[in-house]
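Undergrad: Starting from the known structure of chain C, arrange chain U on it as the hints suggest.
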Amino acid sequence: MREYDMDQLESRLKAKVINSQINPPVDLWEKIENIQKEDDRKYPFAWFNKRLLTLTLISLVGVGLAAIYVNKSKFESKITSTASTVLNKKNSVTKLDLSDNTAYTNNTALLSEENNNINDDAIINFVPRKQLSSLKSEKKFANEPSSDKGWMMVLPKDDKTNSLAVSQENKSTQLNQTSVESTVFSNKIERLDKLNKLQKQVNPLVTQKKLKTPNPKSCYDFKNIDLRFKVEGYAGIGLPSRYLQSKSNDISDYLELKKVYETPQIAYNLGASVVAEINPRLAVSAGIQYAQIRELFDYYDPLYNRTIIIIDTIQNGNGTYVIQIDTVTQLGEKVRTTTNVFSQIDVPLIVGWSFPMKKDVFTFRIGPIFNLDFTAKGEYVDVNKNLRKYNNNQPFDQVYRTQTGVQLFGAVRFEKIINSKISVWSELYYKHSLTDWTVTTMPYKQRYNVGGVQFGFSSYLTKNKILK
Amino acid sequence: MSKVSETEIINGCQKGDQKSQRQLYDQYAPGLYAVCLRYAKNEQDAQDILQESFIRIFKYMSSYQAKGSFEGWLKKIVVNVALKFYKRFYYSNENSELDPNISHLAIDTDVIDFISEKELLSIIATLPEILRFVFNLHVIEGYSHAEISQILSIEESTSRTYLLRARKKLIFKLEGLKTLQ
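First to last, the protein sequences are chains C and U.
Residue 90 in the numbering used here sits at position 90 of the first sequence, and the numbers go up by one each step.
Count along the second sequence starting at 1, add 1000, and that's the number in the numbering used here.
The following block holds chain C by itself, in its conformation from the complex (with noise of 0.2 Å):
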């Protein structure tokens, strides 16, 4: 036998591996076209689209803060509005026909609240601040105003049967003027004797009828869509649930270890959303939230190992001294626990139906909960028993998609409202995930159901209605 040095041995050696060629497995090519095939694949939903999802997001809440805003200035005050838009409101306003009164045409007009609910407080008249200043030239309202123009809105007395005489006729009253001067209702009582004096002058002028009591359940007709704009955030913790199943049988082995791995413990949830009431039943609502899915990992590690560095001294045959330090390393075996952690932002849409009990309302809410981004934190066990770290950064390494698609949502609701503007609520809700969160190249399908309770509360835009 001879013997070689390394050199030789490396290079006899390279010389039979550096050319060779073996062939892949028959079936390789079509896994790396299917992969391809999917790659190209858009997903099923055109605009589920990272930019695009977000930019409807942008919008949904820019819609929402312009109705918010529309709103807010419709409920502070009624401080300058349209006398055309208050006057045509079908059925929620009783208008008047004054045609044939020279002196005030067109002049006076009922205002309600919203959705009929027709009470003494809100019957407003308006009187065109010209005509008040041609009264006021009689000296009949010496304490008025001096300018004469746009409309003065004056309140009658709590008397219904004093109150300014209207017509229920349903003919429109056209206003040209589009500037109404209003006095808030606070100021009522301190001009409340101007105005009975005002009144005094006005009531001869008009027939007086009866006001018809308004029908309650107008309040729940559909054609009168309304929207009333309200906030929610909320907190949630729950149970989460892990689908697992094999593509192929021969990997059954591995998803029982993963099962003995890797324990689902817990699951956060927290969010914001802004819900349009479209009536005091229905509701749709559009947020983002975070949400967290703890998962507790145990793997044995049997190669785990450390360094330990010793420093010995040594004494020498001639009296000195030698300082040796070696470093030694221990193989052993170490139980490795860590927390995985699965990190979700999304997108619900959720749609609710409301059951009011006095000033409790129970509501039934299903939708859609969209994923904008899925993060996944932790270790795992491969297929071939490895440990690996999660790293979604590398394509490669991936095991879930860094979106994991559409969850269905339901909960049931049981919201105590607090007053005109806040209530709190706590819903029991299951999530349920309708795609698999691993990639397609992973030999088996993973995702999670999460099923729980949140906690939350909601604010009011716009003053709260309590069904009757």
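Hints were generated in silico from the structure; no laboratory data involved.
For each residue, glycine too, the CB sits at the ideal point set by N, CA and C.
Among the hints, erroneous ones may be present.
What the hints assert, rightly or not - Here chain C is said to cover these stretches of chain U; the calculated rule only asks that three of the stretch's residues, wherever they fall, bring their Cβ under 8 Å from a Cβ of chain C:
| hint | segment |
| --- | --- |
| 1 | 1020-1029 |
| 2 | 1033-1039 |
| 3 | 1050-1064 |
| 4 | 1145-1155 |
What the hints assert, rightly or not - So the derived label-pair ranges between C-beta atoms look like this:
| hint | chain 1 | residue 1 | chain 2 | residue 2 | range |
| --- | --- | --- | --- | --- | --- |
| 5 | C | Ile18 | U | Gln1044 | 20 to 28 Å |
| 6 | U | Asp1026 | C | Pro443 | 43 to 51 Å |
| 7 | U | Glu1117 | C | Gly451 | 54 to 62 Å |
| 8 | C | Gln324 | U | Thr1158 | 20 to 28 Å |
| 9 | U | Ser1063 | C | Leu434 | 31 to 39 Å |
| 10 | U | Phe1172 | C | Ile18 | 22 to 30 Å |
| 11 | C | Lys14 | U | Asn1080 | 18 to 26 Å |
| 12 | U | Ser1122 | C | Leu270 | 28 to 36 Å |
| 13 | U | Asn1080 | C | Thr307 | 50 to 58 Å |
| 14 | U | Phe1172 | C | Asp250 | 27 to 35 Å |
| 15 | U | Asn1042 | C | Val453 | 42 to 50 Å |
| 16 | C | Gln292 | U | Gln1044 | 29 to 37 Å |
| 17 | C | Ile345 | U | Asp1026 | 41 to 49 Å |
TA: Chain U only, in chain C's frame:
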């Protein structure tokens, strides 16, 4: 079936032609699979690496400029994919189960002539990842220790140490094989 020229395949693949992609696979997959087997720990990993490599090759084919060998470009992609595949194990799987009796770096190299390519690759595959990478990069691909230190983000001296360890382990395995024969 006549062998299609390399240029035709490249042009076809750059246009996304599936037929050309298949031709590229048929022509180069065996050579690239051997490279995968050298870097991978087992055949399953090698198949995964080859699969990912071809997906990347097709994806980045449009950026290929005919500078240097096309096969070299393909192999470089395969090596990069393999390195990324095992990157996180550089330091975790280091198992220093060296045989204390091996004190020399010499072996009867005739043993190499008696074993098949696949057997030789499987022996290389038994090396821990980091040792296997250093051995492959230095001995087979011809990278210097300075280059390896950059590729693997390790010290140059560490690369030398790993090569030494890899050699020792390889000799140990080959000695065992020789004894069996």
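Undergrad: State for each hint whether it applies.
TA: Taking the hints in turn, this is what the structure says about them:
With 3 residues having a beta carbon nearer than 8 Å to a beta carbon of chain C, the segment 1020-1029 of chain U meets the requirement of three or more and the stated coverage holds. Remark: the segment 1033-1039 of chain U is confirmed as covered by chain C, as 4 of its residues place a Cβ nearer than 8 Å to a Cβ of that chain, reaching the required three. With 6 residues having a beta carbon nearer than 8 Å to a beta carbon of chain C, the segment 1050-1064 of chain U meets the requirement of three or more and the stated coverage holds. Taking a C-beta to C-beta cut-off of 8 Å, the segment 1145-1155 of chain U contributes 0 residues in contact with chain C, too few for the three needed, and the coverage statement is violated.
Take Ile18 of chain C and Gln1044 of chain U: their Cβ atoms lie about 24 Å apart, and the range 20 to 28 Å holds. Range check, Asp1026 of chain U to Pro443 of chain C: Cβ separation about 26 Å, and the 43 to 51 Å hint is violated. At about 56 Å, the CB distance of Glu1117 of chain U to Gly451 of chain C agrees with the hint of 54 to 62 Å. Under the hint 20 to 28 Å, the C-beta atoms of Gln324 of chain C and Thr1158 of chain U, about 23 Å apart, fit the expected range.
Distance hint for Ser1063 of chain U and Leu434 of chain C: a CB-CB separation of about 37 Å, consistent with the stated range 31 to 39 Å. Taking the beta carbon of each, Phe1172 of chain U and Ile18 of chain C are about 23 Å apart, inside 22 to 30 Å as hinted. Under the hint 18 to 26 Å, the C-beta atoms of Lys14 of chain C and Asn1080 of chain U, about 20 Å apart, fit the expected range. The given range of 28 to 36 Å is broken by Ser1122 of chain U and Leu270 of chain C, whose C-beta atoms sit roughly 52 Å from each other.
Distance hint for Asn1080 of chain U and Thr307 of chain C: a CB-CB separation of about 30 Å, inconsistent with the stated range 50 to 58 Å. Taking 27 to 35 Å as the suggested C-beta distance range, the pair Phe1172 of chain U and Asp250 of chain C conforms, at roughly 33 Å. Range check, Asn1042 of chain U to Val453 of chain C: Cβ separation about 47 Å, and the 42 to 50 Å hint holds. Evaluation of the 29 to 37 Å hint for Gln292 of chain C and Gln1044 of chain U yields a pass: the beta carbon distance comes to about 33 Å.
In this structure the supplied range 41 to 49 Å holds for Ile345 of chain C paired with Asp1026 of chain U, their Cβ-Cβ distance being about 44 Å.
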